[in-house]
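**Q** Chains as they are written, first to last, in numbering that gives the first Met the number 0: chain A, 0 to 527; chain B, 0 to 164.
Simulated from the structure, these hints should not be mistaken for laboratory data. Treat the hints with care, since some could be wrong.
[Said to hold, decoys possible] Calculated lysine-lysine pairs in the DSS-like style (CA-CA distance at most 30 angstroms, straight line): (1) B/K141 to A/K225; (2) B/K154 to A/K466; (3) A/K474 to B/K91; (4) A/K126 to A/K143; (5) A/K475 to B/K50; (6) A/K163 to A/K84; (7) A/K466 to B/K160.
[Stated by the list, open to error] Label-pair restraints from in silico Cβ distances: (8) A/P461 to B/I14: 53 to 59 angstroms; (9) B/P46 to A/I141: 50 to 56 angstroms; (10) A/E138 to B/E126: 39 to 45 angstroms; (11) B/L25 to A/E138: 56 to 62 angstroms; (12) A/L411 to B/D90: 35 to 41 angstroms.
For every residue, glycine included, the Cβ atom is placed at its ideal position computed from N, Cα and C.
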Amino acid sequence: MRFKILFFLIFLFQSSFCFSEPWKFSTPSQDFEIEFVPKIIEGNFYIPLREILDKFSAEVLWHNKEKKLEFYVFKKRVIIQIENKNFLIDGKEKILTFPPVILEGEIFISLKSLSEILGFKYYVDMKNRFIKFITLINEIEIAKGKNVQINISLTLPARYRIEKLQSPERIVIDIQDSILDVEKKIYEIEEGAIKILRVSQYSTIPYITRLVIDLDVPLNFKIFSKENRITIEFNKQIKEVTYEISEETVKIKIEGTSSLIFIPREYREPWRLVFDFPECLLGIKEKEIKIEKGIVKGVRMSQFQIEPDIARIVIDLQARSCCKIYPEDKEILIEISWFTPSLNKKVVVIDPGHGGRQNGAISPSGVIEKEVNLEIAKNLYELLTSEGAFVIMTRTEDKEVTLEDRVSIANLNRADIFVSIHNNALPSNPAIRGTETYYHTPFSKSLAAAIQKRLTEEIKLPDRGIKVAGFVVIKKTNMPAVLVEVAYLTNPEDENLLKDTEFKKKTALGIFKGIKEYFENEQIIPSE
Amino acid sequence: MKKIIFLIILIFLGISSFFIFRKIYLREVPVKLYFYSEDSRYLVAYPVKVKAGKNLPLNILNSLIKGPEKNSNLVPTLPKNLKILSLKIKDKIAYVNFSKDLISYGGGATYEIGVVSSIVLTLTELEDIEGVQFLIEGEKIKYLPEGTEIFSPLKRKIFEKYIKK
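Please put together the full structure from these sequences, using the hints given.
**A** What follows is the structure, given as structure tokens:
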């Protein structure tokens, strides 16, 4: 019965027959009328090809000499020749049932032949002068890269309707005027909260294909169609959050479906750590984990925002914590312990800027930045170790260390803080002098503020404030990290001070006091 | 008498065609250059007129190297001897090939922020430039001396925080 509707049979008409009123066309994506009237030749239904191709926004090229028409439509490149049954599609030769013809100066092609070229089904309603095209769904592909993508290939572009349904959680997509032409009906995606894709021919009058995506939790997604392909895309997900407790340390593991990017923040009153994950979905059912052991009260998770998608994890604390973060491929390990108000056993990485061939800035009278930085760093090393801190220097002599190596030294040693020591320069404005401290993530702001405050108190140079910058040593390090610019080599007064051994000792003392304050004093500036 | 009138007309035509020529070939367009404020804490937009035409981005960069007028109270951001070896625009990214002088300062956060942000902010004022790819003598390098990543094209957004509000 279905085939009778699909493959319209035209009864015997004599040679050619003209219709006078405009004919209506309906494709799965658009409805239109055509000016040229379809013709019936030897019982076959012919339509004006160029007009149809125009409606499909095809690129068309007519080769007059060879009577060939070349066109590019729905990602297919086709060459047909008038009165020739052979045609080329994407370089392959195929055969038409009826060859295209020229009538009254126009190219006409039989509906059957056009359906053979583009691969669709159709039916003709003679009474209402109406032709309907029905697309085939000929490929469904699941791509699991950074994001999950479901790609649906059709022979003609089609409109779709989306519905989000609950209990169980699922997304239903109905593709209009389409016939499902794939063998496989069930696709096990199993990526985070995305479970299974099921496809079926939902109805035949009218033809509707239904796609159902089963989910564990509601997930935001994007759907877009480009020509004859529909794509459904989900961002990466946080798929599991687990914890373990060893002695006084709580370890929280956040697992993603692919590598996670995160922005950590620390807040007080009450103390808590907030992790934002941009371009990320929360694929977890349980939105709360109660821990109530050690310092951690619990973990809360939410889809903080959609479009752009941001997942948020909040770790509620009993008191101020000492937090170390270890990002590893698809997971992030967060180690949280009680904040101890002393430098004892704290791991501090000191990074004397430049070295070796990299002189850093050079003052007009020849003071070399790398040497000043190293001397201050060595003084700071003494002060920190005398209070029980475990200090690692990225260099202890005049040698070249790459910026990546400086970052790795801090990350691999799981440092509590990273302090890079530099001196500033602005040759075009020698009047500028003073102290600045740079940081990158909001997580590092309180350390920058403490060091800047204590250092300017100690050396009494103009306080030029704490600033945000993307220098790689403070950007790629996983712990609170700062870059201190003590003074300007290009300012004569600052330059003189930097020649003075006592000044460099004072500088180290100022930075030391700042670090100490960061670890001791709860009156830190709250992040943001 | 006729000769004198003829001569006057000729001179008049000469002068007017000179002005027309200048207007067409030496047309100047208003652009914004970014320099440091007097205290060198922020970057400030500095309006100037630059010769228009195909080399507009290059002319703009050369004006940036030249620096602001003395009485402007603004501070130049680039080394005076810096040379632009070439400048190409592709897919809204300006590929600017600088002489080694771009990195000869060796260090200093304030200087480096001034160098990178003044170039990116100034060029992305143009409608057909969305980002800047830095090249040093034809080569891509990973970092500037202080650690600013320049391996990929830099977009305007990250540097807007340095503009004085």
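**Q** Tell me the numbers of any earlier hints that the structure contravenes, in ascending order.
**A** Checked against the structure, the hints that fail are numbers 1, 4, 5, 6, while the rest are satisfied.
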